[in-house]
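Undergrad: Listed below, chain by chain, are the residues.
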Amino acid sequence: MPRDGPVRRRTRNPSLVLGGTIAVAVVLAALVSLVWTPDNPLAVDPALRLAGPSGAHLLGTDEYGRDVLSRLMAGSQVTMYVGTLAVLIAVGVGLPAGLLAAQRGGVVGQVVLRLADVIYGFPALLTAIVLAAAIGASSTTVALALGVAYIPVIARVTRSNALVVLGSDYVLAARSYGRRPLAILRRHVLPGIASTLIAQTSLLFSLAVLAEAALDYLGLGTTAPTPSWGAMLQDGQNYLGSDVLLTVWPSLAIFLCVLGFSLLADGVADRRHDTDRHPRPTDSAGET
Amino acid sequence: MTGLSVRDLEVSYHGLPLVTGVSFDVRAGERVGLIGESGSGKSLTALAIMGLLGVGLVAHGRVTLGGEELLAAPDRRLCELRGDRISMIFQEPATALNPTRRIGAQVGEALRAHRGLRRRDLRRAVVDLLGRVELPEPERYARLYPHELSGGQRQRVMMAMAISCRPDVLLADEPTTALDATVQAKVINLLDRLVDEQGCALLLITHDLAVVSQTCDRVVTMYGGRVVESGPSADVLGAPRHPYTAALVATAVAATLDGPARIGHLPTIPGSVPAEGRFPSGCPFRDRCGRAIPSCTVMPADRRDGERVVACWNPVADDTDAALGVRESQPEPSAYPVSAQPEDPR
Chain A
0 MPRDGPVRRR
10 TRNPSLVLGG
20 TIAVAVVLAA
30 LVSLVWTPDN
40 PLAVDPALRL
50 AGPSGAHLLG
60 TDEYGRDVLS
70 RLMAGSQVTM
80 YVGTLAVLIA
90 VGVGLPAGLL
100 AAQRGGVVGQ
110 VVLRLADVIY
120 GFPALLTAIV
130 LAAAIGASST
140 TVALALGVAY
150 IPVIARVTRS
160 NALVVLGSDY
170 VLAARSYGRR
180 PLAILRRHVL
190 PGIASTLIAQ
200 TSLLFSLAVL
210 AEAALDYLGL
220 GTTAPTPSWG
230 AMLQDGQNYL
240 GSDVLLTVWP
250 SLAIFLCVLG
260 FSLLADGVAD
270 RRHDTDRHPR
280 PTDSAGET
Chain B
0 MTGLSVRDLE
10 VSYHGLPLVT
20 GVSFDVRAGE
30 RVGLIGESGS
40 GKSLTALAIM
50 GLLGVGLVAH
60 GRVTLGGEEL
70 LAAPDRRLCE
80 LRGDRISMIF
90 QEPATALNPT
100 RRIGAQVGEA
110 LRAHRGLRRR
120 DLRRAVVDLL
130 GRVELPEPER
140 YARLYPHELS
150 GGQRQRVMMA
160 MAISCRPDVL
170 LADEPTTALD
180 ATVQAKVINL
190 LDRLVDEQGC
200 ALLLITHDLA
210 VVSQTCDRVV
220 TMYGGRVVES
230 GPSADVLGAP
240 RHPYTAALVA
250 TAVAATLDGP
260 ARIGHLPTIP
270 GSVPAEGRFP
280 SGCPFRDRCG
290 RAIPSCTVMP
300 ADRRDGERVV
310 ACWNPVADDT
320 DAALGVRESQ
330 PEPSAYPVSA
340 QPEDPR
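Protein sequence lines correspond, in order, to chains A and B.
So the first sequence is residues 0 to 287, counted in numbering that gives the first Met the number 0.
So the second sequence is residues 0 to 345, counted in numbering that gives the first Met the number 0.
For the record, the hints were derived by calculation from the structure and aren't laboratory data.
For each residue, glycine too, the CB sits at the ideal point set by N, CA and C.
Hints should not be assumed to be uniformly reliable.
[Claimed, not checked] Derived contacts from chain B toward chain A, CB cut-off under 7 Å, selection only: (1) Tyr12; (2) His13; (3) Met49; (4) Gly55; (5) Phe89; (6) Thr94; (7) Leu96; (8) Asn97; (9) Glu108; (10) Leu265; (11) Pro269.
Please put together the full structure from these sequences, using the hints given.
TA: Listed below in structure tokens is the structure:
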């Protein structure tokens, strides 16, 4: 049974490769920065204020003389933390809710859907701003607000895809040989909706990165001096006239990260359709 | 071994009855054929027995398996019975198998659920089952995905799943309809043999009267959601009493190779099965029936004659040539759309 080699699959799906590479790079940068950065991202050096790129500081220094590259790397921690926590909350609540709505239908399903509508009615950024005002600005507050705001998205995607699987003949067959609802969810529904869900999660992650940067830029998220891309952008804009690179670097980081995770989402979705379109040829030998 | 008993089964969709007053028995080890055109309620009856009706469909009446009432049973109990004591083979093996899971894993599901088999034991049982449904190289087939199998092979896999726990009753809903004609006979023969080996009772839903006459002890004809005739298959198919059964037999006879030459034309049943809720009052078949008489506007009571039951006011007499009687008393339909339009009696 010849399977498609990795090379062939990759060339057919550039989004997956490019998006995956960028996503892995960002994750790696965040992980590396936990143990090593070129310089201490918090170390202030007045002598080196607004120094341009040099051998010692590859991307230059900011208005306090802090190493920009180190701050970018350390800033990815916040990005990863907020994105991951937001997505975990969204999936952790949205997935069970969506499955429940699909499996039970009726009143339970309607209640879940209407609750999702209520949450959906609040814009994510507004929720985050209100929450920051209420319980104080922090990365966790941002993640919480974004996570809650994304619950309905995951719940709806889960429900609509689960309904398709639950309505299939093979689920009817599974019920006919005595499988209980939970076993059907685990063996048929979850594997069936996994790729869609992964794509959706990746997309939400990129949205969370963008929203987090925006909130940090507004000063409603991560608090100084913890480095974050949005805060760096805000600091840098004071020097737009003299030192434009200070805003270019964090913008580029945000742009690449968002692009990477949305491409990854696209790639996963494409891969799913790709396998749908090209089933392996039927082996008709043996029907004797 | 236990049998299945259906009494006054009614299936309705938001108050609209789709199946009405259906009663029949499938005794232990017995094979019963359930025949009728598409839309007669055969599949609904099977799904109601399994407790697998879709959303909005409600079943009333009594369905008992070895004396245990099924319709009122809690879901938990039904999950225990389904696949273990009673199981079902579906019409479309292509869609009844999960395309993303290997054959072996799917065949083992019932054994996993009901017998608690795991790993080595499960794998051995699955390979054994695949061998019993005559798949070549069962070990290799257990590792394949459904799309790598042909239609006939997939239906064999479905059969392996259905018999894996040695059920008392097996429901087969048109198991060969989706298959090539050349494969149908093989699959039916296999089903016949498996049922024989296991001694389980079989309810075979089919359009193929030849299959019924070969494999089934008794036959039940359904039309318009009702049982119109039942009895030993040789008697019912040899000398049908209900005009509908007679018409089915006539079309089946004509569809044989020498049929058209012998009869001179291909008989059809005039009209078509009306949409649900559009059946005439009284006998559901009366607007398509050549023997309809005024009293047909009232639903006929069952007439019993030993094993045979027929629900008709004007049954085909024993002395007429049943296969041809209906067609002769029916004028040639002048234009298809006219005869296809069911007359609204009200």
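Undergrad: A separate judgement is required for each hint: does it hold in the structure or not?
TA: Hints versus structure:
1. With its C-beta approaching chain A no nearer than about 16 Å, B/Tyr12 sits outside the 7 Å limit, and its interface hint is violated.
2. Hint on B/His13 is violated. Least Cβ distance to chain A is approximately 14 Å, over the 7 Å limit.
3. Taken as an interface hint, B/Met49 checks out: its beta carbon lies about 6 Å from the nearest beta carbon of chain A, inside 7 Å.
4. About 10 Å separates the beta-carbon of B/Gly55 from the nearest beta-carbon of chain A, more than 7 Å, and the hint is not met.
5. Nearest Cβ of chain A to the Cβ of B/Phe89: about 6 Å, under the 7 Å cut. The hint holds.
6. Interface restraint check for B/Thr94: the shortest CB-CB distance to chain A comes to about 4 Å, inside 7 Å, so the restraint holds.
7. The closest approach between the C-beta of B/Leu96 and any C-beta of chain A is roughly 6 Å, which is under the 7 Å cut-off, so the hint is satisfied.
8. A distance limit of 7 Å between C-beta atoms decides the matter here; for B/Asn97 the minimum to chain A is near 4 Å, and the interface restraint holds.
9. Given hint, B/Glu108 at the interface with chain A, holds; its Cβ is 6 Å from that chain's nearest Cβ, closer than 7 Å.
10. Because the smallest distance between the Cβ of B/Leu265 and any Cβ of chain A comes to about 31 Å, over 7 Å, the interface hint for this residue is violated.
11. At a threshold of 7 Å, the smallest CB-CB gap from B/Pro269 to chain A is about 33 Å, leaving the interface hint violated.
Of the numbered hints stated above, those contradicted by the structure are hints 1, 2, 4, 10 and 11, listed in ascending order.
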